[in-house]
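Protein sequence lines, in the order shown, are assigned to chains A and B. Oh and the first sequence: position 210 is 209 in numbering that gives the first Met the number 0, straight run, nothing missing. Oh and the second sequence: position 195 is 194 in numbering that gives the first Met the number 0, straight run, nothing missing.
Mixed in with the good hints there might be a few duds.
Treat identical chains as interchangeable: a pair holds within one or across any two.
Claimed, not checked - Here are the simulated BS3-like cross-link-like pairs (lysine-lysine), alpha carbons at most 27 Å apart as the crow flies:
1. K381 to K357
2. K292 to K16
3. K438 to K339
4. K356 to K381
5. K457 to K339
Note that these hints are calculated values from the structure, not bench results.
Number of protein chains: 2
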Amino acid sequence: MFQIIKRDGMGRIGKVKTAHGNFTTPTLMPVIDPTDIVLTPREIKREFGAELIITNAYLTLLHFGKNPDLKIHQILDYDGPIMTDSGGYQILRYGSIDVPPEEIVRYQDLISPDIATILDIPTGVNASREYAAETVRITLERAREALRILSNPNVMWCGPIQGGLFTDLVEHSAREMGKLDYKFHAIGSPVELLNDYRYTEVVDLVMAAKKNLPLERPVHLFGAGHPMMLSLAVAMGCDLFDSAAYILFARDDRYMTAEGTLHLNELEFLPCECPVCSSTTVKEIRREPLDEKIKLLARHNLHVTFGELRKIRQAIVDGRLLEYVQIKCRAHPSLLAALKRFMDYSEFIERFDPVTKKSAFFYSGSESIKRPEVIRHQQRMKSRYTPPRQDTLIILSGFGEKTNVDAGDSHVLKIVPPFGVVPEELEEIYPLSQNEVPKELEAEVIAAAAESLENYLKRHGSSYRQVILFNDRSCWGESLVRACQPVAEKLKVIQANEKNLNKLWHEFSAEWIGIFNG
Amino acid sequence: MFQIIKRDGMGRIGKVKTAHGNFTTPTLMPVIDPTDIVLTPREIKREFGAELIITNAYLTLLHFGKNPDLKIHQILDYDGPIMTDSGGYQILRYGSIDVPPEEIVRYQDLISPDIATILDIPTGVNASREYAAETVRITLERAREALRILSNPNVMWCGPIQGGLFTDLVEHSAREMGKLDYKFHAIGSPVELLNDYRYTEVVDLVMAAKKNLPLERPVHLFGAGHPMMLSLAVAMGCDLFDSAAYILFARDDRYMTAEGTLHLNELEFLPCECPVCSSTTVKEIRREPLDEKIKLLARHNLHVTFGELRKIRQAIVDGRLLEYVQIKCRAHPSLLAALKRFMDYSEFIERFDPVTKKSAFFYSGSESIKRPEVIRHQQRMKSRYTPPRQDTLIILSGFGEKTNVDAGDSHVLKIVPPFGVVPEELEEIYPLSQNEVPKELEAEVIAAAAESLENYLKRHGSSYRQVILFNDRSCWGESLVRACQPVAEKLKVIQANEKNLNKLWHEFSAEWIGIFNG
Numbered sequence: 000m001f002q003i004i005k006r007d008g009m010g011r012i013g014k015v016k017t018a019h020g021n022f023t024t025p026t027l028m029p030v031i032d033p034t035d036i037v038l039t040p041r042e043i044k045r046e047f048g049a050e051l052i053i054t055n056a057y058l059t060l061l062h063f064g065k066n067p068d069l070k071i072h073q074i075l076d077y078d079g080p081i082m083t084d085s086g087g088y089q090i091l092r093y094g095s096i097d098v099p100p101e102e103i104v105r106y107q108d109l110i111s112p113d114i115a116t117i118l119d120i121p122t123g124v125n126a127s128r129e130y131a132a133e134t135v136r137i138t139l140e141r142a143r144e145a146l147r148i149l150s151n152p153n154v155m156w157c158g159p160i161q162g163g164l165f166t167d168l169v170e171h172s173a174r175e176m177g178k179l180d181y182k183f184h185a186i187g188s189p190v191e192l193l194n195d196y197r198y199t200e201v202v203d204l205v206m207a208a209k210k211n212l213p214l215e216r217p218v219h220l221f222g223a224g225h226p227m228m229l230s231l232a233v234a235m236g237c238d239l240f241d242s243a244a245y246i247l248f249a250r251d252d253r254y255m256t257a258e259g260t261l262h263l264n265e266l267e268f269l270p271c272e273c274p275v276c277s278s279t280t281v282k283e284i285r286r287e288p289l290d291e292k293i294k295l296l297a298r299h300n301l302h303v304t305f306g307e308l309r310k311i312r313q314a315i316v317d318g319r320l321l322e323y324v325q326i327k328c329r330a331h332p333s334l335l336a337a338l339k340r341f342m343d344y345s346e347f348i349e350r351f352d353p354v355t356k357k358s359a360f361f362y363s364g365s366e367s368i369k370r371p372e373v374i375r376h377q378q379r380m381k382s383r384y385t386p387p388r389q390d391t392l393i394i395l396s397g398f399g400e401k402t403n404v405d406a407g408d409s410h411v412l413k414i415v416p417p418f419g420v421v422p423e424e425l426e427e428i429y430p431l432s433q434n435e436v437p438k439e440l441e442a443e444v445i446a447a448a449a450e451s452l453e454n455y456l457k458r459h460g461s462s463y464r465q466v467i468l469f470n471d472r473s474c475w476g477e478s479l480v481r482a483c484q485p486v487a488e489k490l491k492v493i494q495a496n497e498k499n500l501n502k503l504w505h506e507f508s509a510e511w512i513g514i515f516n517g
Numbered sequence: 000m001f002q003i004i005k006r007d008g009m010g011r012i013g014k015v016k017t018a019h020g021n022f023t024t025p026t027l028m029p030v031i032d033p034t035d036i037v038l039t040p041r042e043i044k045r046e047f048g049a050e051l052i053i054t055n056a057y058l059t060l061l062h063f064g065k066n067p068d069l070k071i072h073q074i075l076d077y078d079g080p081i082m083t084d085s086g087g088y089q090i091l092r093y094g095s096i097d098v099p100p101e102e103i104v105r106y107q108d109l110i111s112p113d114i115a116t117i118l119d120i121p122t123g124v125n126a127s128r129e130y131a132a133e134t135v136r137i138t139l140e141r142a143r144e145a146l147r148i149l150s151n152p153n154v155m156w157c158g159p160i161q162g163g164l165f166t167d168l169v170e171h172s173a174r175e176m177g178k179l180d181y182k183f184h185a186i187g188s189p190v191e192l193l194n195d196y197r198y199t200e201v202v203d204l205v206m207a208a209k210k211n212l213p214l215e216r217p218v219h220l221f222g223a224g225h226p227m228m229l230s231l232a233v234a235m236g237c238d239l240f241d242s243a244a245y246i247l248f249a250r251d252d253r254y255m256t257a258e259g260t261l262h263l264n265e266l267e268f269l270p271c272e273c274p275v276c277s278s279t280t281v282k283e284i285r286r287e288p289l290d291e292k293i294k295l296l297a298r299h300n301l302h303v304t305f306g307e308l309r310k311i312r313q314a315i316v317d318g319r320l321l322e323y324v325q326i327k328c329r330a331h332p333s334l335l336a337a338l339k340r341f342m343d344y345s346e347f348i349e350r351f352d353p354v355t356k357k358s359a360f361f362y363s364g365s366e367s368i369k370r371p372e373v374i375r376h377q378q379r380m381k382s383r384y385t386p387p388r389q390d391t392l393i394i395l396s397g398f399g400e401k402t403n404v405d406a407g408d409s410h411v412l413k414i415v416p417p418f419g420v421v422p423e424e425l426e427e428i429y430p431l432s433q434n435e436v437p438k439e440l441e442a443e444v445i446a447a448a449a450e451s452l453e454n455y456l457k458r459h460g461s462s463y464r465q466v467i468l469f470n471d472r473s474c475w476g477e478s479l480v481r482a483c484q485p486v487a488e489k490l491k492v493i494q495a496n497e498k499n500l501n502k503l504w505h506e507f508s509a510e511w512i513g514i515f516n517g
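Input sequences plus hints: build the corresponding full structure.
Have a look at this one:
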């Protein structure tokens, strides 16, 4: 049903089969209001390539009533994959809805969407711990009950996760919901956090759920469809997104960009290459009649979101999703904070990250020291690595990764930021063989490299009789010398730099090592 | 002729009047090969909104010969603004051309483009110092000679700057060329550097020229038209760009993105929202006949470049150009290195940067400590600031900027990263009043803030009888305590954090200050 085609970190490209055709994930579902259709599902499919749309079962029930002959595909006049939401958002907004949960399940079974959602109780962000626990308990109870009621084999069901800001409750909710026979899961409650730029809390919420859900099931992040945070959400392993914002924002003259939302009044240029923005001007949009203006803005908002989605998918194909997220998260300081929070989960992320990728590792800022590739290298150096039996250890700092030296019988250790120490015999392994890092290093990177060296020497320093550090002081200062403290009594430091390394090397190498030996 | 409408750092939006209409800068000139037109100038104007195109006078002369009745606008069948280049690139590529420089000037005078370029000698990147000096000398000589020859009042002339990697020669070239009566300047020799991702050298080259050119003249950066580096080039104060790459890349199946160039073979999705990419698929493009495929890729390449240009223009309008560049430069480690190099020129940039902007100051990485706004604040604190006469100095660290405290007769100093110390009485001034910074600070930012505090206390510490530091150790560690060394003998440190600050404050404030006093 859900087949994962490609992975990068926790992000993945997948295929889902439904009764009305297949779709690729990650995907964005434009929200269709069945009572007020501005862009029809067919238009949305044709113009934006949308593969799945979402509508609200509760509103559909209120408006169209229960009619055994009226399926959701007829109501929306659309024969592609359709998902229905249950009215949970209406509960969050209005406190409750007047249809019992089993009725909402039976109604969806009747109208036969491709994916349906049970009626959960959203926790929200202002819930007390008691209330939050109650929303989790009731949602789980309803999820178990729904499985007893439902009978339509063409409908795949989605079990929502609640718990809000209480991550232990989210974990519990995900663990228990994951045991039930649901094909999809949805993570509830991020909408208010997203609206308030509380992205670090979104990271904790999503990661609490993802760490406890069966990873082979697609996950829908409720209410998250803004291009500025889509890449981070995909990197966390979310697969389905919905956007009502494209039309709600349009009605409010708001223009989405991958760096944030701008108001039509602020615009002097249309900062976008979509079909709308490359064929008109700000002035022309402002002059349009209201309905037409809303349509143009809605179409732009969808174009930029689907464009972003394709960029994210291609980044996964290229194995550079995290680098893409590192770029995108600089759009807002709160996103940057969220990225750093996400990188704190790197040991978990590492478990899903492919061991080799087709693209070189790019350094994109100090958070690169927490990249899964870096964590993996350090873990392996710690748990699996044994140095060859050699008397002399030669440490080449920084510039070393590009230098091929003949060190005779000595063991060569290179300092390769942001990875830390790399024994020469491992340097052909991805991504040690293929990485791009600016010469001027950030303080965190220098500190991490020094720590890596110190750890290495603590573990293996005693196996060498002498240690020679070629230190590029202009880059590393005294940090590497200090890191050699565990082998201080047998250390020789040679101040070198990229330019004189070869010269120093020729002067000192074989002969010099001999002298030092003697 | 050139009117600057809006500034942001050294970037600017301007208007240029020509004999065939006006155009806005920064702008991109698609290169038209007069002998092989794939997309016509009219199509380019209509589909991409291009306001200025460029063609090569030397190639035009070879192909069409000298005909007093044949103007460039007829040759290209286009009535909008046209610039001509002179054949300098052909010299760079083939060593020399067979038309004397005065002939190239006279020919352009004859065919009457709106902007014309004298025939310079490109320095290139492999030049010896002697050869580089010679290219500068000859180019200047030709520039002086051209001014004696030219006579067509409808043509505005461009004087190219040479010198290549020898920045002192570039400076000399710019200073001398700037004294001559040219309306435009062009910076030569970046093409090879750009092709090899040697962006830091491009920064030094461009800045050497810009620092010595009359700033009210528009500057063309030869051969720079890739969307991945356009924003950095605009931030350095370049106004005109040309792109032959859109078609050359297309012929080679290369697909431009703002993060770099991808090959059609690598694509599984079209990572773009342009009219081409939102109406077709990778598979469909691959199946097209060769000519059609080239056209589609060329159209995509131009759409993404013009979209990027509009994003850059709007970023200038919003006063967030540097933040935009900080995002974009994370696309490649070499661009990130170039950004850091560019920020080293921040004291110069600061002179052009508006004192207030409409958008909040966003922190986007450790390089933010070199933003012109930060440099300006620090310069003013150093040269203009005198503290009020008060006995007690209260230092609030980090969290302080959001806290309004009644400190009685004391003087309150806040630590506001990345600006450093901000006396309470200045905190309503832009951008101190309006900035967003993640809570978790990078090492460079902590060090810079501590240095700022230490400098303040060295200058003004003696004017206080006592100093109280509310230190949020979780954020700052001991760095601020160490920075208080100049007032160590009258210092009281209170360990506080965001949560207990108000409580501590209430417990200690007026009364406590009195006790401490006594």
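Hint numbers not upheld by this structure, sorted from lowest to highest | 2, 5
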